[in-house]
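Given only the sequences and the hints, what does the whole structure look like? Please build it.
At position 45 of the sequence shown the residue is numbered 34 (my numbering), and the sequence of numbers has no breaks.
Please keep in mind that the hints were generated in silico from the structure rather than gathered at the bench.
Since this is a predicted model, take the numbers as computed values, not measurements.
Hints may contain errors.
As the list claims (entries may be wrong) - Capping the alpha-carbon separation at 25 Å, the derived lysine to aspartate or glutamate pairs in DMTMM-like fashion look like this:
(1) K69 <-> E47
(2) K37 <-> E27
(3) K37 <-> E22
(4) K37 <-> E63
(5) K51 <-> E63
(6) K34 <-> E47
(7) K51 <-> D41
(8) K19 <-> D31
To be verified - What follows is a list of derived Cβ distance ranges for each label pair:
(9) K25 <-> A61: 51 to 61 Å
(10) K51 <-> A28: 57 to 67 Å
(11) E47 <-> K25: 37 to 47 Å
(12) P65 <-> A15: 35 to 45 Å
The C-beta atom is built at its ideal place from N, Cα and C for all residues, glycine as well.
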Amino acid sequence: MEHRKAPAHYYIVNLPTASNNTASIAQARKLVELPKTEANIDRIKVSKVAADLVAYCEALAKEDPLLTPVPASENPFREKKIFCAIL
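Here you go:
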């Protein structure tokens, strides 16, 4: 069986190029910068955030129409009463 050489363009595609190296360097820099960026983020304890969220919800509960329904007289979406006109 005779072995044939691959066409020349096959070798060119697989060789690393300057743009591939530049892209991989940029990607590596991003990978290194990410932990540095995350380390600089101010952290708040979950217990404090949860307490703040509960206080916020309780403060706005009076204005929430799903928790305290709108009076029927003020509700524009209430069902209209239909009277039977045929008797």
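Structure-inconsistent hints, enumerated in ascending order:
Violated: hints 1, 3, 4, 10 and 12.
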